[in-house]
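S.K.: If you want the building blocks of each chain, they are given just below.
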Amino acid sequence: MKNVIANKEYLSSLRELRFKVMGALVLVLLFTALAGGFVAFQTMKKEREMAQVEARETWLNQGEKNPHSAAHYGSFAFRPKSELSFFDFGVDSYVGSNVYLEAHRQNDAKFSAAQDSSSLIRFGEMTVAFVLQLLVPLLIIFLCFDAISKEKEEYTLKLMLSQGVSIQQVVWGKILGYSKALSWIILPTLLLVFVLMIAGTEAGFTADSFLRFGLVLGIYCVYFFLFLASSVLVSAYSASSRNALLSLLGIWILACIILPKATANLGASVFEAPSNFEFREAIKKDEANGIDGHNPSDKRFDALKKKVMAQYNVNSIEELPVNFDAIAMQEGEKYSSMVYSTHFDRIEQIYQQQNAISAYSALVNPYMAVRNLSMGLAGSDYKTALGFQKYAETYRYQMVEMLNNYMRDFSKTGDWEKKAPAEIYAKMPEFDFKNPGIGQVLSQQWIALLAMFLWVCLLVFAINNLSKRLTF
Amino acid sequence: MLTAKNLTKNYGTHRALDGLNLTIESGEIFALLGQNGAGKTTTINCFLGFIEPSSGEAIINGLSVKDHALETKKHLAYIPETVMLYPNLTGSENLAFFSSLAGFSYSQKELETFLLKAGLQSEAHQQRVGGYSKGMRQKVGIAIALAKKAKALLLDEPTSGLDPKASNEFSEIVKVLSKNGTAILMATHDIFRAKEIATRIGIMKEGHLVSVIEAATISANELEQLYLQTV
Numbered sequence: 001m002k003n004v005i006a007n008k009e010y011l012s013s014l015r016e017l018r019f020k021v022m023g024a025l026v027l028v029l030l031f032t033a034l035a036g037g038f039v040a041f042q043t044m045k046k047e048r049e050m051a052q053v054e055a056r057e058t059w060l061n062q063g064e065k066n067p068h069s070a071a072h073y074g075s076f077a078f079r080p081k082s083e084l085s086f087f088d089f090g091v092d093s094y095v096g097s098n099v100y101l102e103a104h105r106q107n108d109a110k111f112s113a114a115q116d117s118s119s120l121i122r123f124g125e126m127t128v129a130f131v132l133q134l135l136v137p138l139l140i141i142f143l144c145f146d147a148i149s150k151e152k153e154e155y156t157l158k159l160m161l162s163q164g165v166s167i168q169q170v171v172w173g174k175i176l177g178y179s180k181a182l183s184w185i186i187l188p189t190l191l192l193v194f195v196l197m198i199a200g201t202e203a204g205f206t207a208d209s210f211l212r213f214g215l216v217l218g219i220y221c222v223y224f225f226l227f228l229a230s231s232v233l234v235s236a237y238s239a240s241s242r243n244a245l246l247s248l249l250g251i252w253i254l255a256c257i258i259l260p261k262a263t264a265n266l267g268a269s270v271f272e273a274p275s276n277f278e279f280r281e282a283i284k285k286d287e288a289n290g291i292d293g294h295n296p297s298d299k300r301f302d303a304l305k306k307k308v309m310a311q312y313n314v315n316s317i318e319e320l321p322v323n324f325d326a327i328a329m330q331e332g333e334k335y336s337s338m339v340y341s342t343h344f345d346r347i348e349q350i351y352q353q354q355n356a357i358s359a360y361s362a363l364v365n366p367y368m369a370v371r372n373l374s375m376g377l378a379g380s381d382y383k384t385a386l387g388f389q390k391y392a393e394t395y396r397y398q399m400v401e402m403l404n405n406y407m408r409d410f411s412k413t414g415d416w417e418k419k420a421p422a423e424i425y426a427k428m429p430e431f432d433f434k435n436p437g438i439g440q441v442l443s444q445q446w447i448a449l450l451a452m453f454l455w456v457c458l459l460v461f462a463i464n465n466l467s468k469r470l471t472f
Numbered sequence: 001m002l003t004a005k006n007l008t009k010n011y012g013t014h015r016a017l018d019g020l021n022l023t024i025e026s027g028e029i030f031a032l033l034g035q036n037g038a039g040k041t042t043t044i045n046c047f048l049g050f051i052e053p054s055s056g057e058a059i060i061n062g063l064s065v066k067d068h069a070l071e072t073k074k075h076l077a078y079i080p081e082t083v084m085l086y087p088n089l090t091g092s093e094n095l096a097f098f099s100s101l102a103g104f105s106y107s108q109k110e111l112e113t114f115l116l117k118a119g120l121q122s123e124a125h126q127q128r129v130g131g132y133s134k135g136m137r138q139k140v141g142i143a144i145a146l147a148k149k150a151k152a153l154l155l156d157e158p159t160s161g162l163d164p165k166a167s168n169e170f171s172e173i174v175k176v177l178s179k180n181g182t183a184i185l186m187a188t189h190d191i192f193r194a195k196e197i198a199t200r201i202g203i204m205k206e207g208h209l210v211s212v213i214e215a216a217t218i219s220a221n222e223l224e225q226l227y228l229q230t231v
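Protein chains in written order, with the UniProt record's numbering: chain Z, 1 to 472; chain E, 1 to 231.
In short, the hints are calculated from the structure, not lab data.
Incorrect hints may appear among the rest.
[Said to hold, decoys possible] With a straight-line cut-off of 27 Å between C-alpha atoms, the simulated DSS-like cross-links for lysine-lysine are:
hint : chain 1 : residue 1 : chain 2 : residue 2
1    : Z       : K305      : Z       : K285
2    : Z       : K434      : Z       : K46
3    : Z       : K2        : E       : K175
4    : Z       : K412      : Z       : K306
5    : E       : K149      : E       : K109
6    : E       : K66       : Z       : K152
7    : Z       : K2        : E       : K109
8    : E       : K117      : E       : K165
9    : Z       : K45       : Z       : K390
10   : E       : K149      : Z       : K158
11   : E       : K66       : Z       : K2
12   : E       : K175      : Z       : K158
13   : E       : K74       : Z       : K2
14   : Z       : K412      : Z       : K334
15   : Z       : K334      : Z       : K284
16   : Z       : K152      : E       : K151
17   : E       : K109      : Z       : K152
18   : E       : K117      : Z       : K158
19   : E       : K165      : Z       : K2
20   : Z       : K152      : E       : K149
21   : Z       : K158      : E       : K66
22   : E       : K134      : Z       : K158
23   : Z       : K110      : Z       : K390
24   : E       : K151      : Z       : K158
25   : E       : K74       : E       : K149
26   : Z       : K284      : Z       : K261
27   : E       : K165      : E       : K205
28   : Z       : K261      : Z       : K334
29   : E       : K74       : Z       : K150
30   : Z       : K158      : E       : K205
31   : Z       : K152      : E       : K74
32   : Z       : K158      : E       : K5
33   : Z       : K150      : E       : K134
34   : Z       : K284      : Z       : K110
35   : E       : K149      : E       : K66
[Stated by the list, open to error] Selected chain E positions facing chain Z (in silico; Cβ < 8 Å):
hint : residue
36   : K74
37   : L76
38   : P80
39   : L101
Nothing here was measured: the structure is a model prediction, and the numbers come from that model.
Even for Gly, the Cβ is constructed at its ideal location relative to N, Cα and C.
Construct all of the structure, not just a fragment, from the sequences and the given hints.
M.R.: Structural data, given as structure tokens:
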């Protein structure tokens, strides 16, 4: 019975001009976004990979020089583009693409794509995810706002029910039929995403890439089901098709435009983050005075001097068999790193709290759920960028530590001229940041997953308990 | 076949249907006359289960509509006042759709036979209903009812808006159905049509079935007089 209704709905949707025009429009947008996104992805990916190779070469071919000069000369870490980011840019364009790694300083990631563009980028980029998350729901609404209300207006619902079908069968049949019609738009697009992912990136036929793609497909299907089911339900409860359309457009504006902005603003005002200037000043102050305020740098320096002299059993710095400057620098590096990560974690926590409001809003707004999951799976979310920043800092520390330790052992205190051989730079492994694995993404996005599950349950329940005495 | 027992429906304080008692046997055509709001459509909706009566019950083939909502619909065919159908589908596709909802799967040939029986010319069968006239849509509605082979037929002002020829054709089909043993309940404003085809005629006023007359015992003019006096 359900299938009979589904087939009829499918057939008449395909014959309808409304669906043909809007469907074609959305399909063109999707393919344009996909082509644009993929070209931009490839360009950026190549640029960054080349830049990373170049940075490595420059690092390796520094020639003989004092290790501390090398530490100041530094290197660069580039954030790799994740394989699925051509499909969903997420926050990719707004977070920095590379970090300058140098001694004494923990730099922020700089040079985001947004900096290179006109300020119009603020209005959003045209990505496949954008079309899928915002425009396809609109297509769904226009396709099925009158699913039931029109049948009521034209008495065909009565005729259908008089043939002995239940209203549930009608609703499920409609959802099934519209899904079939929609799959003409969704499936080719996602198939192309899959082909591009496998053929156009280095993802290859791995379990991770299949799982990632499968999940992307799954969450978007669930998302569209939510819009389909709510549209049909609203249509069933509305007194007229006009009312149904107005209600549904209201819901769309609320869920896709107002709530996301409102939750982001709410997060930023409830959990206020310090400015970049305050953040840097606080670090500077704590480095000078000690993180507890009672342990200034000169005191720390004296204590270190005593400790090292005792360790080597000598009475003056000059007698030390090692380079005390290097030890002191390494100790300073350790301390500043500790101070930096303390402050970084604190500010990080504030950002997490801000984002948590948006994340929890997924429970009332499935748009947020799909947005967060999609970014996460595409590897273009905030958490991925954060992971990169932390990884780069760890790498920087390792690099400076390696150079300091080398300097400590091969020269004497006060010798800033002695040159280390060119081979030592190869001791530092290549910068090799990997985007978070799928398990990590899912565990970070459990709220979104839960929200989608709850919404499906809610709508299935609502449909199965739809009163058969709707207003006729 | 169709029985109403003390059927009553209240909308708030308004009583749309007040203790209606009615039995329609197989092969009988019962015409319900009455002004708008007299309770004719409410009666039909009770038989269809679209309206739950406040008290009393509607019984089809011995089964209470309230307890056997889907079961009783198997014995029932219904033609609404305005048969709108789906404009994007052809007449034949519309018929096939509604028949399969009732659990029938007819061949193309059988569908055409039903449509021809309902009086729809064969050129129209494969045209989309969007281009049909009201009379043509009504014929598809009849074909849907015919294809269901139901024991009872409910008609809600079936001839309103039809031209005299279509209306006459419609009467002929209804007569054939009743000869074959279908119980028919027809709500109508058309006194002359009612006199011509009905076995019995009931006149309703404000939810009451005021009088029931054997159609054979009264002339059309007398019926009109009686109707005007009643309402």
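S.K.: Decide, hint by hint, whether the structure agrees.
M.R.: A quick look at each hint next to the structure:
1. For the hint pairing K305/Z with K285/Z, the CA-to-CA distance comes to about 22 Å; that is within 27 Å, so the pair holds.
2. Restraint check for K434/Z and K46/Z: the C-alpha separation of about 16 Å stays at or below 27 Å, so the hint holds.
3. For the given pair, K2/Z sits about 35 Å from K175/E by alpha-carbon distance, which is inconsistent with the 27 Å threshold.
4. For the hint pairing K412/Z with K306/Z, the CA-to-CA distance comes to about 17 Å; that is within 27 Å, so the pair holds.
5. Straight-line distance between C-alpha atoms of K149/E and K109/E comes to about 17 Å, which keeps the hinted pair within the 27 Å bound.
6. Note on K66/E and K152/Z: the hinted pairing holds, with a Cα-Cα distance of about 22 Å set against a maximum of 27 Å.
7. The suggested pairing of K2/Z with K109/E holds, with an alpha-carbon distance near 25 Å, which does not exceed 27 Å.
8. Our distance criterion of 27 Å between C-alpha atoms is met by K117/E and K165/E, whose separation comes to about 16 Å.
9. In summary, the hint linking K45/Z to K390/Z is supported, as the alpha carbons are separated by about 21 Å, within the 27 Å threshold.
10. A threshold of 27 Å between alpha carbons decides the hint, and for K149/E with K158/Z the separation of about 18 Å falls inside it, so the pair holds.
11. Only pairs whose Cα atoms come within 27 Å are accepted, and K66/E paired with K2/Z is accepted, the gap being roughly 23 Å.
12. A distance of roughly 25 Å separates the Cα atoms of K175/E and K158/Z; the hinted pair therefore holds under the 27 Å criterion.
13. Restraint check for K74/E and K2/Z: the C-alpha separation of about 17 Å stays at or below 27 Å, so the hint holds.
14. For a cut-off of 27 Å, the pair hint linking K412/Z to K334/Z stands: about 21 Å separates their Cα positions.
15. Between K334/Z and K284/Z the CA atoms are separated by roughly 14 Å; this keeps the pair inside 27 Å, and the hint holds.
16. With a C-alpha separation of about 26 Å, the suggested pair K152/Z and K151/E falls inside the 27 Å cut-off, and the hint holds.
17. The suggested pairing of K109/E with K152/Z is violated, with an alpha-carbon distance near 31 Å, which exceeds 27 Å.
18. Between K117/E and K158/Z, the direct Cα distance comes to roughly 23 Å. Compliance with the 27 Å bound is thereby established for this hinted pair.
19. The straight-line distance between the Cα atoms of K165/E and K2/Z is roughly 38 Å, outside the 27 Å bound, and the hint therefore fails.
20. With a CA separation close to 25 Å, the supplied pair K152/Z and K149/E stays within the 27 Å bound.
21. The suggested pairing of K158/Z with K66/E holds, with an alpha-carbon distance near 17 Å, which does not exceed 27 Å.
22. Pair hint K134/E plus K158/Z holds up; C-alpha atoms about 18 Å apart against a cutoff of 27 Å.
23. A distance of roughly 14 Å separates the Cα atoms of K110/Z and K390/Z; the hinted pair therefore holds under the 27 Å criterion.
24. As the CA atoms of K151/E and K158/Z are separated by approximately 19 Å, the hinted pair is consistent with the 27 Å bound.
25. Between the alpha carbons of K74/E and K149/E the distance comes to roughly 9 Å, so the proposed pair stays at or under 27 Å and holds.
26. A hinted pair counts as satisfied when its Cα atoms are at most 27 Å apart, and K284/Z with K261/Z does not qualify at roughly 34 Å.
27. Distance hint between K165/E and K205/E is unfulfilled; the C-alpha atoms sit about 30 Å from each other, more than 27 Å.
28. For the proposed pair K261/Z and K334/Z, the alpha carbon gap of about 40 Å is over 27 Å, so the pair is violated.
29. At roughly 25 Å between alpha-carbon atoms, K74/E and K150/Z fall within 27 Å of each other, so this suggested pair holds.
30. Of the supplied pair hints, the one linking K158/Z and K205/E holds, its CA atoms being roughly 25 Å apart against a limit of 27 Å.
31. The straight-line distance between the Cα atoms of K152/Z and K74/E is roughly 21 Å, inside the 27 Å bound, and the hint therefore holds.
32. Of the supplied pair hints, the one linking K158/Z and K5/E holds, its CA atoms being roughly 23 Å apart against a limit of 27 Å.
33. At most 27 Å may separate the alpha-carbon atoms for a hinted pair to count; K150/Z and K134/E meet this at roughly 18 Å.
34. Restraint check for K284/Z and K110/Z: satisfied, since their Cα atoms lie roughly 20 Å apart, inside the 27 Å limit.
35. At most 27 Å may separate the alpha-carbon atoms for a hinted pair to count; K149/E and K66/E meet this at roughly 22 Å.
36. Contact between K74/E and chain Z, as hinted, is supported at the beta carbon level, the nearest pair being about 6 Å apart and thus within 8 Å.
37. With a least beta-carbon distance of about 7 Å to chain Z, the hint placing L76/E at the interface is held under the 8 Å criterion.
38. Interface hint status for P80/E: upheld, as the beta-carbon distance to the closest one in chain Z is roughly 5 Å, under 8 Å.
39. With a least beta-carbon distance of about 4 Å to chain Z, the hint placing L101/E at the interface is held under the 8 Å criterion.
In summary, the numbered hints that this structure violates are 3, 17, 19, 26, 27 and 28.
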